[in-house]
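Asks: Below, each chain spelled out in residue letters.
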Amino acid sequence: MSNSGFGRIIKDGLWSSNQALVALLGLCPLLAVTNTAINGLGLGIATTAVLVASNGTVSLIRNLVRSEVRLPVFVLVIASFVTAIELSMNAYFHELHKILGIFIPLIVTNCAIIGRAEAFASKNNLLRSLVDGLSVGVGFTLVLVTLGGMRELIGQGTLFDQAHLMFGAAAEGMSLSLGSDFQGMLLAILPPGAFIGLGLMIAIKNLIDKRLAQTTATKPEAIESGAEAGAS
Amino acid sequence: MQFQTFSSPHTDRSSSVDKVMLQVILALLPGVLAMTWYFGPGVLINIVIATLSAVAFEALVLKLRKRPVMPTLHDLSAVVTAILFAIAVPPLLPWWLTVIGMAFAIIMVKQLYGGLGYNPFNPAMAAYVLLLISWPIPMTSWLPPAVLSTNPLDFMQIVSAIFTSSPPTGLEWDAITMATPLDGMRTNLDQGQMISEIFQSPVWGDFGGLGWEWVGNWFLMGGLWLIYKRTITWHIPLAFFAGLTGLAMITFLFDPESYPFALFHVFSGGAILGAFFIATDPVTACTTKKGQLIYGVAIGMLVYIIRTWGGYPDAVAFAVLLLNMAAPTIDYYTQPQVFGHGDNHG
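Protein chains in written order, with my numbering: chain A, 1 to 232; chain B, 1001 to 1346.
Just to be clear, a hint being listed does not mean it is correct.
Think about it this way: if two alpha-carbon atoms lie no more than 30 Å apart in a straight line, the pair counts; the simulated DSSO-like pairs of lysine-lysine are [claimed, not checked]:
| id | chain 1 | residue 1 | chain 2 | residue 2 |
| --- | --- | --- | --- | --- |
| 1 | A | 205 | B | 1063 |
| 2 | A | 210 | B | 1063 |
| 3 | B | 1066 | A | 210 |
Just a sample of chain B residues kept apart from chain A, beta carbon distances all over 12 Å, derived [stated by the list, open to error]:
| id | residue |
| --- | --- |
| 4 | 1114 |
| 5 | 1138 |
| 6 | 1174 |
| 7 | 1308 |
Now the in silico label distances, taken between C-beta atoms and shown as ranges [what the hints assert, rightly or not]:
| id | chain 1 | residue 1 | chain 2 | residue 2 | range |
| --- | --- | --- | --- | --- | --- |
| 8 | B | 1337 | A | 11 | 35 to 45 Å |
| 9 | B | 1174 | A | 190 | 18 to 28 Å |
| 10 | A | 28 | B | 1202 | 46 to 56 Å |
| 11 | B | 1335 | A | 84 | 55 to 65 Å |
Treat the hints as calculated values from the structure; they're not laboratory data.
These numbers come from a predicted model, not from an experiment.
We treat Cβ as the ideally placed atom computed from N, Cα and C, and that holds for glycine.
Only chain A is shown next, with the shape it has when bound in the complex (with noise of 0.2 Å):
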């Protein structure tokens, strides 16, 4: 029982309630950073290290928290994390925290991760809630990274350019480039590509959840249809 809970939780996450896929929410950190796929991750990791932070810590005080002040109790909590986050970002991957920004502390007015502290960690118990922000977190990183690395392969023709700010100088080798002149397109690039990407990642999302349901809805025949064969 508990453990289908958990791929339930995990699938949600990742896939059939993708934060910003389906819930749409974080929309405004993701279509302005995710130019190239390093800034995607660099922001995803954020995102998720205090989606998971903030759903533990909600899910044990949910019940000390009277109801009425719980929404400015979660900002309190969120803000607190995105804080350290910031801090420890700026020391450590100074470069990284230069090119995101603002969006950093923006992390903290991010609609997923108060969706999920009040949809989610205030209703359930501290190991659910952990593995609920870590698949909401991953799943958000996923799309950031997935985005950024399509625009910026079409708008400047690399991939994983500037992976030293991240993982340091052994990974410069991490970068691909398909030549110096390639004529990227700068739209992809500039906020437009964003909005047409996501758009684009939705619709295929939704094709391939329509094609599966199609195969499950078909299964059963197949099945049938093997069996005759098989006893013929």
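Dock chain B against the given chain A, drawing on the hints supplied.
Replies: Relative to chain A, chain B alone:
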């Protein structure tokens, strides 16, 4: 073919979509020939590439959407989009940019919104803006009119320039391309030159750039013919020119050495093409008469504002797209009163 998806208002068969589109293509013909005369066969090659790719993308999407392919291809709307796009871009534009532009116009701007009749934005102009923002250098490298060219290119050189996206051997891009007159005017004005000095240059004709003004003239002929055939009405073009020349006249009177005279703006860039063929697109423009006047004036004024104080040399595409966005709202507020309703009885 009769147009099947529209209910009322029913018009007679003479204005079916394919006939309208055919008339637009015919009306574009004189201007296209004039462009070919002044800027070489690259114009025609672009039209061929754009038309083939537009039709191919349209067929592909219709197939994916499981819609009948042939009736839609037969209405020629994709061909009109392709031609309008191809004459708006420089004659030596690399072929892959044309293909990307058409893919965006047909797939994203037209079919994703539901196909002809449902697209809020003009596909040709959206594709033009996409390319202009994404690849500004090839999109602003125009050929000089043939009479001024110091390095005239022959047909094979033009073909190879388009398909290899590199200049003919032994020449640099800078040697064979130049800015459009409108662009040149901006640059010179930015450098602090007087208008009377700028017009000393041999690139100018009577009203606008040499060659350009004649291209504009031939598009004007085609546009007037469309009004005569009642394919379009006079409202949008006239309002467009009123908006454009109105603002131009005010600034010209204010300072004739910094702001060119009004006719310069009419005969430069894509103003005439835009007024008759692009702003009048029946799908994306306003439908009420009062709305069309507002729509036209606003486009004309925006063209002037963006040309004069904006970051890009020409502005027809931007202005049209901005007003496409506003068109439903303008229509909403300019609905004519239904006869017998209204407050004159109450």
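Asks: Compare the structure with each hint and give your call.
Replies: Going through the hints against the structure:
no. : hint                       : verdict
1   : A:205 x B:1063             : 21 Å, holds
2   : A:210 x B:1063             : 18 Å, holds
3   : B:1066 x A:210             : 16 Å, holds
4   : 1114                       : 14 Å, holds
5   : 1138                       : 8 Å, violated
6   : 1174                       : 17 Å, holds
7   : 1308                       : 24 Å, holds
8   : B:1337 x A:11: 35 to 45 Å  : 56 Å, violated
9   : B:1174 x A:190: 18 to 28 Å : 27 Å, holds
10  : A:28 x B:1202: 46 to 56 Å  : 52 Å, holds
11  : B:1335 x A:84: 55 to 65 Å  : 57 Å, holds
Checked against the numbered hints given earlier, this structure breaks hints 5 and 8; the rest are met.
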